[in-house]
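Going line by line, the protein sequences match chains A and B.
All residue numbers for the first sequence refer to my numbering, where the first residue is 34 and numbers rise by one.
All residue numbers for the second sequence refer to my numbering, where the first residue is 385 and numbers rise by one.
Calculated directly from the structure, the hints in this document are not laboratory data.
Treat the hints with care, as some may be off.
Computed spacing ranges between beta-carbons, pair by pair [unchecked claim]: (1) B:ARG605 - A:ARG100: 44 to 52 Å; (2) A:MET41 - B:HIS584: 54 to 62 Å; (3) B:ILE393 - A:THR40: 41 to 49 Å; (4) A:THR40 - B:ASP394: 53 to 61 Å; (5) B:ASP394 - A:ALA93: 42 to 50 Å; (6) A:GLU108 - B:GLY596: 37 to 45 Å; (7) B:LEU545 - A:ASP210: 24 to 32 Å; (8) B:ARG427 - A:ASP74: 26 to 34 Å.
Chain B regions said to be covered by chain A (calculated; three or more residues, Cβ under 8 Å) [claimed, not checked]: (9) 418-430; (10) 537-551.
Here are some chain B residues the structure puts well away from chain A; computed CB gaps all over 12 Å [as the list claims (entries may be wrong)]: (11) VAL450; (12) ARG454; (13) GLU476; (14) HIS519; (15) ARG529; (16) GLU577; (17) LEU593; (18) ILE595; (19) ILE611.
Quick caveat, the model's predicted, so the values are computed rather than measured.
C-beta: ideal position from N, C-alpha, C; glycine also.
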Amino acid sequence: MTGIQTTMRGRVAVVTLDRPAKRNAIDPALCLGLRDALCGDADAYVITGAGENFCAGFDAHALRAVREPARFMTEMQSVFEHMEAIPRPVVAAVDGYALGMGFELALVCDAVVATADATFGLPEITHGLFPPVAVGRGLDVLGRGWLRHLAVSGRRWCSGAEAHDLGMVAELAARADLMAAAVSLAADLAANPAFAAGKRVLNRDAEQAYRMSADTVAPLFRTLV
Amino acid sequence: MDTHVRMEIDGPVAELVLARPHKRNAVTSAMMAAMTRAVAEVRDRDDIGALVIRGDGPDFCAGEDVGGLRVRTVDEARAYLDTPLELVRALETLPKPVVVAVHGHALGFGAEVLLVADGVFAGPDAVIGCAEIDHGLVPPVLLTRGLGTIRRRHAVALALLGERLSADEAVRIGLAHAVVPDPHEAAVAAAREWARWSPHGMTALKRWLAIGIDADLDQAREFLPEIMLGVSS
Numbered sequence: 034m035t036g037i038q039t040t041m042r043g044r045v046a047v048v049t050l051d052r053p054a055k056r057n058a059i060d061p062a063l064c065l066g067l068r069d070a071l072c073g074d075a076d077a078y079v080i081t082g083a084g085e086n087f088c089a090g091f092d093a094h095a096l097r098a099v100r101e102p103a104r105f106m107t108e109m110q111s112v113f114e115h116m117e118a119i120p121r122p123v124v125a126a127v128d129g130y131a132l133g134m135g136f137e138l139a140l141v142c143d144a145v146v147a148t149a150d151a152t153f154g155l156p157e158i159t160h161g162l163f164p165p166v167a168v169g170r171g172l173d174v175l176g177r178g179w180l181r182h183l184a185v186s187g188r189r190w191c192s193g194a195e196a197h198d199l200g201m202v203a204e205l206a207a208r209a210d211l212m213a214a215a216v217s218l219a220a221d222l223a224a225n226p227a228f229a230a231g232k233r234v235l236n237r238d239a240e241q242a243y244r245m246s247a248d249t250v251a252p253l254f255r256t257l258v
Numbered sequence: 385m386d387t388h389v390r391m392e393i394d395g396p397v398a399e400l401v402l403a404r405p406h407k408r409n410a411v412t413s414a415m416m417a418a419m420t421r422a423v424a425e426v427r428d429r430d431d432i433g434a435l436v437i438r439g440d441g442p443d444f445c446a447g448e449d450v451g452g453l454r455v456r457t458v459d460e461a462r463a464y465l466d467t468p469l470e471l472v473r474a475l476e477t478l479p480k481p482v483v484v485a486v487h488g489h490a491l492g493f494g495a496e497v498l499l500v501a502d503g504v505f506a507g508p509d510a511v512i513g514c515a516e517i518d519h520g521l522v523p524p525v526l527l528t529r530g531l532g533t534i535r536r537r538h539a540v541a542l543a544l545l546g547e548r549l550s551a552d553e554a555v556r557i558g559l560a561h562a563v564v565p566d567p568h569e570a571a572v573a574a575a576r577e578w579a580r581w582s583p584h585g586m587t588a589l590k591r592w593l594a595i596g597i598d599a600d601l602d603q604a605r606e607f608l609p610e611i612m613l614g615v616s617s
């Protein structure tokens, strides 16, 4: 019961966050399942959500039951670091909500394909938390102006079309074509013989981008309880 | 407080108002020093949860009043520069949301202050740009800290070509976040909402967002004095 389904489309593995009743919110089991799913021998990966949403963020209910929030944060962060470290393309296919950790998950992918009316946002601050990965890696993707607005407001949600204008989304697709577009983009990236080298150069500063360690964020989880 | 700057506090929101409308709210060193002291008060008062900056009259801020720029040495230039840089540092390191309401002209310092704001609400009449080029100067914050906020090409167009942006264009490049009919009302509404978020979370978030500011502003202190000496009368 990891909440992850993987299917192959040619040489591309489609990894589906599969907790649609929870809008695919991330809990510790899903976090570990996602990491395992990204350790296969596919040429490329597409991450998507079951049902109408990509991922509504962390599962606050499950998090309240986590005894060691610092460990959960470290595990989640290790999934993000793994996504940046593997030499294979990882593409997000986003429809519906991509909020909080769901936003961060998309952010860390090599590319995002989204529907024009997908919804991106960082509501962590409304729970007394903040999005460490967005603040680290998001700086490169969105610039500090938009990043701080999304993170500090907690309420300013961007449509897929706006996220495309801001550089967060590489390609827009109609809902019916979303998966095909994401698989095709992932395969195109994988077909580039220099992909792995390019990705390694791009992510050379991963350590710096992820320095907002669990030590900073985990103490804030006390405010959730 | 300087007579051209005033603070109005209503519940959890403090409004810092540029009140020199006959000069289109061009800011003097004295005004900026007064603003820095006001930001310190906002930081220290637990009953204030967010800061709004706005201007009286038809313009937000037409820039820095450099009419009296007379500096003869690097040290004098640096001392002059330290006033705006300290204000920018105080704003970006404030552990509370900073919201700016822009109407009419936001030039020079009036544009640079947008770079460190968490929310910029611009009226449809807003004109945003760098006035420094008219005096042979460059905008110190935009070319250093500002490069993390807006892209390099946009910084070149603004600072070195004197490009003026409409509100819509400013939103597109990340210098503003929304175009609204009444920027003051929108800024206060946002500030009221954001003032409710947990101070612990906000403090942590803003600390991370402010990483690198000291190094960036030190670069401005390093490079700007020579340019200022070159145009000083």
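Verification of the supplied hints:
1. B:ARG605 - A:ARG100: 44 to 52 Å: holds (48 Å)
2. A:MET41 - B:HIS584: 54 to 62 Å: violated (45 Å)
3. B:ILE393 - A:THR40: 41 to 49 Å: violated (58 Å)
4. A:THR40 - B:ASP394: 53 to 61 Å: holds (56 Å)
5. B:ASP394 - A:ALA93: 42 to 50 Å: violated (33 Å)
6. A:GLU108 - B:GLY596: 37 to 45 Å: Violated - the Cβ-Cβ distance for GLU108 (chain A) and GLY596 (chain B), about 28 Å, lies outside 37 to 45 Å.
7. B:LEU545 - A:ASP210: 24 to 32 Å: violated (41 Å)
8. B:ARG427 - A:ASP74: 26 to 34 Å: violated (54 Å)
9. 418-430: n = 0 at 8 Å, threshold three: violated.
10. 537-551: Per the Cβ count (0), the hint is violated.
11. VAL450: holds (26 Å)
12. ARG454: Holds, because the least Cβ-Cβ distance between ARG454 (chain B) and chain A comes to about 34 Å, which exceeds 12 Å.
13. GLU476: violated (9 Å)
14. HIS519: holds (26 Å)
15. ARG529: violated (9 Å)
16. GLU577: violated (7 Å)
17. LEU593: violated (5 Å)
18. ILE595: ILE595 (chain B) is in fact no farther than 12 Å from some Cβ atom of chain A, at 9 Å.
19. ILE611: holds (25 Å)
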